[in-house]
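Note that the protein sequences, when read in sequence, are chains Y and Z. No gaps in the numbering here: position 463 of the first sequence is 989 in the numbering used here, and each next residue is one more. No gaps in the numbering here: position 421 of the second sequence is 1022 in the numbering used here, and each next residue is one more.
Hints are computed from structural coordinates only; laboratory data are not their basis. A portion of the hints provided could be inaccurate.
[As the list claims (entries may be wrong)] In the SDA-like style, the derived pairs of lysine to any residue whose C-alpha atoms are separated by at most 25 Å in a straight line are: (1) Z:Lys771 <-> Y:Lys713; (2) Y:Lys713 <-> Y:Ala764; (3) Z:Lys711 <-> Z:Phe639; (4) Z:Lys771 <-> Y:Ala764.
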Amino acid sequence: MTGLLALLAQSGEPIAPVVEQFVTPSIDVSMILPNLVLMLGGILLLTLVSVLKGRVPSWLFPVWTISTAVAAICTVVPLWQRFGETGPETGMGGSVGLDGFSLFATIEICLAVIFGALLLSDYLRRERLESPEWYVLVLLSASGAVTMVSADDLIVLFVGLEILSVAVYVLSAMHRRRLSSQEAGLKYFVLGAFSSAFLLYGIALTYGATGSTNLADIQEYLSVNLIAQNALLLGGLALMLVGFGFKIAAVPFHTWAPDVYEGSPTPVTAYMAAAVKVAAFGALLRVFVVALGPSYQQEWQPAIAALAVLSLIVGALGAIAQSNVKRMLAYSSINHAGFILLGVLAASAAGTEAALFYLLAYTFMAAGSFAVVMVVSRTGEHHQSLDDYRGLGTVRPGLALIFTVLLLSQAGVPLTVGFIAKFYVVTAAVESGFGWVAVVAMLTAVISAFMYLRIVATMYFGDAPEGAVRLRIPAATGVALGLALAGVLLLGIVPGPVTNMAHAAVAQLVAVGR
Amino acid sequence: MIAGAQTAQAWLIPAMILVPFVGAGVLALLPARRTDLFRPVALLVSVAAGVLAIYLLTQFQASDPGFQFEVDQPWIKDLGISLTFGVDGISLFLVVLTGVIFPIALLGSKPHHDPKPYYTWLLVLMGASMGVFCALDLVLFFVFFELVLVPMYFLIGLWGYGERVYAATKFFLYTMFGSALMLVGLVATAVLHQRGVGGQLTFNLVDIAANPGFSTNAGRLIFASFAIAFAIKVPLVPLHTWLPDAHTQAPTAGSVILAAVMLKLGTYGFLRFGLYLFPEAAVWAKPVLMTLAVLGITYGAIAATMQTDLKRLVAYSSVAHLGFIVLGIFSLTVVGIEGGILVMVNHGITTGALFLLVGMIYERRHTREIADLAGLQKSAPILAAVFTIVMLASVGLPGLNGFPGELLALLGAFQTSRVWGVIAVTGVILAALYMLWAYQRTFHGRATGANATMPDMRLPEMLVMAPLVALIVFLGLFPGVMIDRMEPSVKALMAHVDEQVDSFQQTTYTFVGPAEARSGEGGGEHGGSDHGGGEQGAGGEQGGEQGAGGEQDGRQQDGGGR
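Kindly produce the complete structure, drawing on both the sequences and the hints.
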């Protein structure tokens, strides 16, 4: 009552400029160091090649990109220690979070950058498209992705999404001479713009309902207040879900994915499959599980369950109908998205951990698999059909073996990371009482396994066609394949250290100290 | 019962599992041009693992019902998954069988191309098979259970016959379908256990079985998810269609191992992860599973009679034999389960031997069609003689190894569900029909053309068959050697079921102990196998009378289930 009186008394007076109320947020640069490294790396590379026109050797671009990603990972290490000692923090006026979750996701994004750069270097030489812009865009988009996974504010999250998306739209259309690449870029751009609009509208509605775009504030507001008329918030939730659903390619927002995955230059597909998924899932987990989880999980869980089940089924069934291997992998990525959604659905620390681990596993599996596709498709990317893999087991036994391991891992065969990842999400889902979704998921895994086995059978059990070309595996691609194989097997056999890390990497929101 | 009891020979099981895996790694790293090295290295590794398995047998304490040679190391701490291994009387002989049959299968057949990956996959398969029988952690068991699929898929797909790709894919997908459900089931087991009991999430079989902590309904549902996986693997009848294809198309070594080791994963699973983990649900599901078992016995036998392909005939006979195992296990009596385990091991030996013999015939004649073969007895008398012994063992002739197991399984069935026992006996008669008829058509009659000039067994082949024939005779005469070692564990298992399930009253038997069984064998040894069989048969009748009470019990369960 007194407060109201004071307010009335105040309103009578002329409004004094409230300069002292605006507090400049303290900027702790070290908190966003990985992000800065990535972004500055991109900008520096761009500046460098503009200044030294044509005098920069093309081998420097991938080396630069990989070094930048490695440097970013190195900056994560002290931050991880700091997080371990002092717990989660929020900075930049509560817009950026520093917690195990954001750091773990950052490492995953950097890994995707490394894989992308390794594959790009060989691909661009083969296609005679060498230019630094590819790498600049990869680094900038990675910076956007890192922004997304560490955002503590919906606006920051949206900015990150745009940085990521615009760069990836361009990347997918960068193959000048291939019409399908242009088509992919345009499709991705038009549909992506729509989805961004949905997301933005959802953010606006959420802001309207809760009075803040800050995730910690939203969480606190919802835990304290019971909203009687929650149509506004539910609308916001639904629209944000559409936006995220598009980015993670969850059914029914998946229609762009097969075309874009198929049309984009293969290294871009590899990078995109991993990095965009990590970023979008990271944001989804932060917003839905962490900010809206405790008080609103009853409302969004059915929707996520529906998305998960649809993605699982459509992804698996869609894949077996394909005859183009790249397209098969695109559909299988939809199936994988369904599995990761199980972790989101669990709405628990275990679920978040499971989703993070799955994303790491998927980074290795997707990067490796698309690397094989890149090698087999040869110059111009005309050889992507299943028939082109016939007899690979005899022509290129090593490559076929690596692809087999990667495919078996995607199918979830034990002693590969795919099994542990699937096990993790299934455990999380069962713990949260979604056993039936887990059953659906595992049954679709069998359907997908049919498709993976079809590829394996084609490679090994079919005779190589007359005059089969002995494919050349360039050095950098070989390194990428080796990394993917090592990751898939090591994480499958001794997952302990990484699961312990993922266990600590749970997103937490810290309110801004005011 | 568990934890801390790290016996002196804790290294034994890990070594037994690792030796084949390491061997496979070594083989894979050998240069491709040293084709002369692959076979000796593979043989050496498999023999080494086999020797370890036999050493395990000698070190096994027969009177101890618990797990021996235990190992317990954390694997994924975060999820409570550990590397827990151990062997008890139930798994002991399956481990030994794995150790014995692999070297024989390796010795008994050669790949027609690509020896290096062939031997590598076989060794991987051996390691995984060893692991699956020793694993005492649900996830670890699942890991090995799934892992065996991969080498077998490649063995069938790369070195098989005609429809190999179809058969391999079907085999892989069928099993994977079952294990998909099982994975969710085992996760649910651990989660519900944790919820009911508290503490850390654990997948340790012994811990969960000792104090399950989940409700009856949950237990039944989870049991169903396990049962489907095992029923596919066994295979029980409506889910068996992958087996004839896989068996027929697989290369000889693949068929031998498939029959001897891999089918047993299902029946072993039923014992270890069905009955032990979900006693209540197992008692509840008993009528269904016994029905399916009897269906398998009769259907398998009838289907085998109809076959025109010798290998397919043996494959269908497996369906029938595996039905006996399930019948014995789900009679839920000590005799029945012992019979089931005996059949598991002995079917492995006889059917393995049969597949080797069929493989030899195929190598010589390039056909397995019974119609194309005739009068082989004349051209290959030794082959015919060995075939006769093995076939008679498979039929269940007293004095050979097929007999005691089937007898005990039937005894168990008689005690608790006499009707099923009676129907199952027809399977024994049909077995004689299809086997003898097949033998007659193949080996008797007038040999013409290529049949007349078919070369006989060579010395190396005889050496391969010799241990199997020796085992067939030895285990037929002295089944007590095995029964003595498995009985404490089986009794402990049934006591566990008795204790956990209120409505279940164990059907005790007093008429045939191992000691008497041995005296019966004594008779057999002196050439009076009829005498021994008769004595045991009389016991069977007694058991039947006693079993009336048990049958009533069974009916009550049935009613409760509905």
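- Task: For the pair supplied as a hint, lysine 771 (chain Z) and lysine 713 (chain Y), confirm whether the alpha-carbon distance does not exceed 25 Å.
- Result: Roughly 39 Å separates the two Cα atoms, so the pair is violated.
- Message: For a C-alpha distance cap of 25 Å, please report whether lysine 711 (chain Z) and phenylalanine 639 (chain Z) respect it.
- Response: 11 Å, holds
- Item | lysine 713 (chain Y) paired with alanine 764 (chain Y) [C-alpha distance capped at 25 Å] | 23 Å, holds
- Would you check the hint for lysine 771 (chain Z) and alanine 764 (chain Y), treating anything up to 25 Å between C-alpha atoms as holding? 42 Å, violated
In the structure shown, a violation is registered for the earlier hints numbered 1 and 4, in ascending order.
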